[in-house]
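Visitor: Here is what each chain is made of, one letter per residue.
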Amino acid sequence: MPSPRYWREVPTRFRLEASRCKSCGKTLYPARTICPGCRGTELDETKLSRKGKVVTSTVIHVPPTDFLMEAPFAMALVETPEGARLMMQVVDCKPQDVQPGMDVRFEFRLIRKEGKSGILCYGFKAIPA
Amino acid sequence: MSGIVGYGAHIPRNRIKVEEIARQWGKNPETIRRGLLLEEKSVPGLDEDTITISVEAARDAIDRAGIDPSRIGAVYIGSESHPYAVKPSGTVLIDALGIGPEVHVADFEFACKAGTEAMFVALGLVEAGRVEYALGVGADTSQGAPNDALEFSASAGGAAYIFGKKELLAEVVETYSYTSDTPDFWRREGEFYPRHGGRFTGEPAYFKHVEAASRGILKKTGLKPEDFRFVVFHMPNGKFPLQVGKTLGFKKEQIDTGWIVPTMGNTYSGSSPTGLAAVLDVADPGELILITSFGSGAGSDSFVLKATDLLVERRGRARTVRSMLDGPRHYLTYGEYAKYREKIIVND
Amino acid sequence: MREVAIVGAGMTRFGELWQSSLRRMFTDAASEALASAGVKQVDSIYVGNMSAGRFVSQEHLGPLLAGELGQAGAAAVRVESACASGGVALRQGFMDVASGMSDLVLATGVEKMTDGADVTEALATAADQELEAYHGITFPGLYAMIARAHMQRYGTTEEDLAWVSVKNHRHGAMNPKAQFGREVTVEQVMASTPVAEPLRLLHCSPVSDGAAAVLLCPLDQAARFTDRPIQIVGSGLATAPMALADREDPAVLDAVHRSAVKAYEMAGIGPADVDLAEVHDCFSIAEICCIEALGLVEKGTGRNAAGEGLTALGGRIPVNTSGGLKSKGHPVGATGVAQAIEIFEQLRGEAGDRQVLDAKVGLTQNMGGSGASSAVHVFRRV
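Residue numbers (my numbering), protein chains in the order written: chain S, 4 to 132; chain D, 7 to 354; chain C, 9 to 390.
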């Protein structure tokens, strides 16, 4: 993907920067300007913990082209202690072992390469806690 | 007095056994095991590289130091497998860990010595008073060519060291570097695998420089081998560090703790730095540690360190090297290993 | 608002139409619709299409296809809401006539998916790019997560999913325009290749080419074009958070529920009044979740509907008599309009072997992405 679009997401992807709505207390990831819950516009800066629980998951057998060599891999919706949810791969375990309720922690990984000569894109993946 | 205020290491969880590689090439695994004293090595996943390993190792170092990362004024990563040929690894690390933007960043290379090199420069800046804290990292995911001796040992992992002037976990007593132009192992621009001079990598390269640097630092400090509780050497295989240790007058008990190569393999720039981390995980206050790295090309950096009381207090804050070496891990077939190391020709 | 009727319809077969380009499929379907009503000129054309830009590098479909149809000069525009593009094109057409702004409107949909583009990538653009697609999720992957959440909550099983495919293939085998003319068994479905666990190949709608078109006009003018017009009595469009992570409950398709409520209200009916429905079964789990969200069955009981015959032809509430997306095919932008055509034919008594006896009120539900948008329409026999 074009560099600016990747670069703009670095605070979200590298540091899990998020927002907390002053009105309703919801933690929003990624950071937002308007709370989707109460439409409030007063938001504090916060960060997510690097751990969570699997809410739901799947094992991808037919992957997008960029992820061909990694398939099959597990993907999960993970909820952090702050109540925010994020979509991520779950690795360093058998994909079939990833089930709702599993405790995970996050590790910094290379998420994708833009082919042979494009940029390298980093972020977090989940591993069994 | 300057020294280490935080340290951390990271080792990927995939492994491949020496037998599995030997089977692939029709070699006798026993010969390899006995000849190189290797059992298995770590393998990076397709989603792991020098940058990801450095980030996780540095994160542990920051946790042990207990400092605000933004106070780190310099970040150096030494590796021979930086993910980009042009674009620094260090900049990804600083953004991932909340260091900077007021920070000096540079990537280092010198075959397997790039890690201690980064540490040497980080230390120097702190000693000069130019920065309050400086981070030096040695990490690698280097390649060994198929059906080459290096394939049995080339592995992945690394360690990170934060240097400062107060609340030291280990004092740096002295440093010594010994360098010469020796073409024992190299990789030309654009080549995928490195090449080496076979037996030339032994006596004129590894042994000459490791011995010279170690003897040099012993002379400079007036210390003798028996004064040290631990010694860590660069570990290209299991045999060389034991051999050079014996030549220099060290005993196996001094070498053992840092001798992690039989189950980790040779993580190149991460080799002796990770061995040092394994030592710091168990050293008692007041104990002296000698570390001598080796980088082909060629050169060695030596450090004499002294463990402090604070080391015992702080080291529990993050993962130990043994817990990563002995902990959950996954053994690969040669085919899976070849896929992860991108040794298989695929369509673009 | 004026009352609106469908007075003509046309569609291509759905399938791998190697010989037909996007333009050719469109003109085949649209001219069949015009001819069926004896109409030469229209005021507006709405083209439901998800991704011609990615599939065949063609944007600006409105003027292109209007020109191909011999209707250059008409008000023509492409409408996009991922897989709900067709349903939303229908809604735009409905509003154009209902508002009094136009009298003759073609609501169409077309998608050309087999010309060599990476289909998985193209379809994944319907998901959140930065939060979901970036990490490697696919469309089937999102529905697989929804399926797993539903299975966890309500005890839905892989076999329950299989029964949806079996039922829809049985219906599709009776539809000459369907991509697949063969039936499948539960065993075949459960043995098919895993795509994204727990979803297997035969739980997933296929990659298809196709086009569909309906002709709309004010109800009080319909007699000029047909003696059996079908009235559109309700239209609802709603959205839900795009990223699965931002939804309260991944197992609940809120956009479907909201769009249905709006459509029912406009039509002055409730779910119990619906005689048959075309529902968006992009994956088997979607049909189960949608019939719950539409209120056609109690929440949590959707899993049994197909297996017990409730939603089969002859059952209490036949769903997807056309064969659904699974068996009829799913040329993404065309689906919403094709659903309307099935209801149109059923309410006119023209559905042949698939006929639901005495069908008076029909419903279509067309969904985009992993449920981020949904368009529901209610139709009544006049």
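Keep in mind that the hints are not guaranteed to be accurate.
[To be verified] Derived lysine-lysine pairs resembling BS3-like cross-links, with alpha carbons at most 27 Å apart:
1) Lys116(S) to Lys172(D)
2) Lys116(S) to Lys312(D)
3) Lys119(S) to Lys349(D)
4) Lys119(S) to Lys345(D)
5) Lys97(S) to Lys23(D)
6) Lys97(S) to Lys349(D)
7) Lys119(S) to Lys257(D)
[Stated by the list, open to error] Incomplete in silico selection of chain D near chain S, CB under 7 Å:
8) Arg19
9) Pro89
10) Val92
11) Thr97
12) Ala102
13) Glu115
14) Leu338
15) Glu342
To be clear, the hints were calculated from the coordinates, so they are not data collected in a lab.
All C-beta atoms, glycine included, are put in the ideal place defined by N, C-alpha and C.
Visitor: Looking back at the hints listed earlier, which ones does the structure fail to meet?
Guide: Hints 1, 2, 7, 10, 11, 13, 14 and 15 are the ones this structure does not satisfy, whereas the remaining hints hold.
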